[in-house]
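2 protein chains.
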Amino acid sequence: MSNVYAPLKNDTFLRALLRQPTDYTPLWLMRQAGRYLPEYRATRAKAGSFMGLATNPDYATEVTIQPLDRYPLDAAILFSDILTVPDAMGLGLSFAEGEGPRFAHPLRDEKAVLALREPDLASLQYVFDAVTQIRKTLNGRVPLIGFSGSPWTLACYMVEGGGSDDFRLVKGMLYDRPDLMHHILNVNAKAVAAYLNAQIDAGAQAVMIFDTWGGALADGVYQAFSLHYMREVIKGLKREHDGQKIPCIVFTKGGGLWLDEIADSGADAVGLDWTVNLAKARQQVGHKVALQGNLDPNVLFAKPEQIHAEVEKVLTSFGKPGPGTGHVFNLGHGISQFTPPESVTALVEAVHGISRRMRS
Amino acid sequence: MSNVYAPLKNDTFLRALLRQPTDYTPLWLMRQAGRYLPEYRATRAKAGSFMGLATNPDYATEVTIQPLDRYPLDAAILFSDILTVPDAMGLGLSFAEGEGPRFAHPLRDEKAVLALREPDLASLQYVFDAVTQIRKTLNGRVPLIGFSGSPWTLACYMVEGGGSDDFRLVKGMLYDRPDLMHHILNVNAKAVAAYLNAQIDAGAQAVMIFDTWGGALADGVYQAFSLHYMREVIKGLKREHDGQKIPCIVFTKGGGLWLDEIADSGADAVGLDWTVNLAKARQQVGHKVALQGNLDPNVLFAKPEQIHAEVEKVLTSFGKPGPGTGHVFNLGHGISQFTPPESVTALVEAVHGISRRMRS
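Order-wise, the sequence lines are chains A and B.
Heads up: the first sequence at position 345 corresponds to 345 in our numbering, and the numbers run straight through without jumps.
Heads up: the second sequence at position 58 corresponds to 58 in our numbering, and the numbers run straight through without jumps.
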């Protein structure tokens, strides 16, 4: 694979992750390529289905670039789904219209668990092709983020068979048969590391591990069943490619109580949700990691002046980044499909404007 | 109203809340009168509907006592719903079969918000009658807990019109029209204080404020829009009745990051979910408050030996209560309707047995 890409014109995001000085606070938004954009909905309609969109590199490239054409965001993120990996393991992913993801073959008994194998990466070639095509299309505009679900978060869907509000089946297995849960998580950790490395080979310039459901775990259990396996993933990651550092971000939603331990996971940056006080978090992590976050996405339902005021609170809470610290602005969760696109304009202007002013 | 009740035979729960020495760690379970019990389902079937059950003091008494007849729990809790208060405000509560609560008249605009009034307590007489009847029927067996939703948690349902997974409408109003949100919360705080005081007058021996959705708020916003109003409620509470102290418990699910501030709310005890490390929490709150919690309810899907081991972890994490400290064992959330009733037997035996041994 040819890795001759155009040089980066805007490396602010990568610099912030690596805790190097920047002229302003870079930002991107989780789920920035999504249903709140009419152009996304148009491409989605052409593709026919969510998986039709995600598995076609042309479409995936198109929707990945759309938010960048509208807003001066500082990073692009591969358009895909965290459940591509379990799908490639043979669990049979589908998305019913208006509902969440479903697996036809969830892991519900010992036999199914012990039969679980790492996927053949060839079956995920559509993802790597999308990464390469997006990177080429970006042409150095901003860096491209690759991503995966965390071993635990994938396990939640793999055992529950879909979304859950109580995690009864997956936690039931965890408490009743911890041996089976560790087996799943071991397989997932190896698969996730290989999957992220293949994205890096294909052109991803940073990677992020989404531990969406780590915060549902009990203290002690989180460390053993989620954080431990993210650490294993991080240990297995390529941290450099083509002479460039590849920063890694971990994000446990609801993981604020475990920030000290997450900051020791080996990642370069830690994502935070809106429940965390950024000033305290910065003090807690010191020079170990950069921080990413943490505006409540519901702020985007307010007027531009309120958005500006809330952005200012976040930026002031982190404060002016000093030597060895870094802040990437983001929401604390994916942007809502009901967000007015104008709100994002106000958000981006506020983040860039206020943070430039704070540094001068 | 006659307040001549039989003396308490088991005051372990009240003593632990007031940080007085106890022979063992008392326990009760959130939602202990519930669908996991076949006898509850039988009474529910007789009553015809959830509200039929909650509004009839005979039925409410019957189901409140059921778990105590099965397990040697250390407290009873009024069987009711947190949404009785907004229902009495005229929002029109209903429960569709198999779905959550619904309000026919949610607060969606300025006009609806400004028309909101504290309810006439007479329309909640069925709740106070149930309290008195339960207290009489208990005949001093264990103390009776009264409860209410927190002002913020009630507001979530009142604005959303039912459950929500993103709180888009209520947070949208909070960020866009904080004046309207404060108006709702002011009315709610007064209503909740009056409602809890009427429960105390009717016979409740402790009260608990359920802030189920406080943990959905951003840092800073939680303090201003949830904790502040719980403090107002607590300020307005009767703390003694008939010469007995009436302890007050606050529980913000997902509020672990704000424990210091919650411990300063004026409550006697703070409920904790399973994400919190009890040893650290105990150190943090010192002698200010007792702690209540915090087993993951999903532990009850494991075998008795695993339940025993997980209970031991919780009790060991808190440690032997010393002078001026107190621990009430509970789950970190309501018990699941799918819980095998035998698991609760194992739980109660483990909590009582291990905690007695730890004190000797």
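Because the hints were derived from the structure by calculation, they are not lab data.
Among the hints, a few may not be true.
With a straight-line cut-off of 25 Å between C-alpha atoms, the simulated PhoX-like cross-links for lysine-lysine are [said to hold, decoys possible]:
(1) Lys288/B <-> Lys320/B
(2) Lys9/A <-> Lys245/A
(3) Lys303/A <-> Lys288/A
(4) Lys313/B <-> Lys303/B
(5) Lys136/A <-> Lys46/A
(6) Lys111/A <-> Lys303/B
(7) Lys288/A <-> Lys288/B
(8) Lys190/B <-> Lys245/B
(9) Lys111/B <-> Lys303/A
(10) Lys136/A <-> Lys9/A
(11) Lys280/A <-> Lys320/B
(12) Lys280/A <-> Lys111/B
(13) Lys235/B <-> Lys288/B
(14) Lys136/A <-> Lys111/A
Derived DEER-like restraints, expressed as beta-carbon distance ranges [stated by the list, open to error]:
(15) His105/A <-> Gly322/B: 50 to 58 Å
(16) Asp179/B <-> Asp109/A: 50 to 58 Å
(17) Glu261/A <-> Leu114/B: 28 to 36 Å
The following residues of chain B were derived to be distant from chain A, with all beta-carbon distances above 10 Å [to be verified]:
(18) Ala6
(19) Lys171
(20) Arg359
Yeah, the Cβ is synthetic: ideal placement off N, Cα and C, and Gly gets one too.
Going down the list of hints, with the structure as the test:
no.	hint	result
1	Lys288/B <-> Lys320/B	holds, 17 Å
2	Lys9/A <-> Lys245/A	holds, 16 Å
3	Lys303/A <-> Lys288/A	violated, 36 Å
4	Lys313/B <-> Lys303/B	holds, 16 Å
5	Lys136/A <-> Lys46/A	holds, 23 Å
6	Lys111/A <-> Lys303/B	holds, 20 Å
7	Lys288/A <-> Lys288/B	violated, 34 Å
8	Lys190/B <-> Lys245/B	holds, 21 Å
9	Lys111/B <-> Lys303/A	holds, 20 Å
10	Lys136/A <-> Lys9/A	holds, 13 Å
11	Lys280/A <-> Lys320/B	violated, 31 Å
12	Lys280/A <-> Lys111/B	violated, 40 Å
13	Lys235/B <-> Lys288/B	holds, 16 Å
14	Lys136/A <-> Lys111/A	violated, 43 Å
15	His105/A <-> Gly322/B: 50 to 58 Å	holds, 52 Å
16	Asp179/B <-> Asp109/A: 50 to 58 Å	holds, 55 Å
17	Glu261/A <-> Leu114/B: 28 to 36 Å	violated, 47 Å
18	Ala6	holds, 38 Å
19	Lys171	violated, 4 Å
20	Arg359	holds, 23 Å
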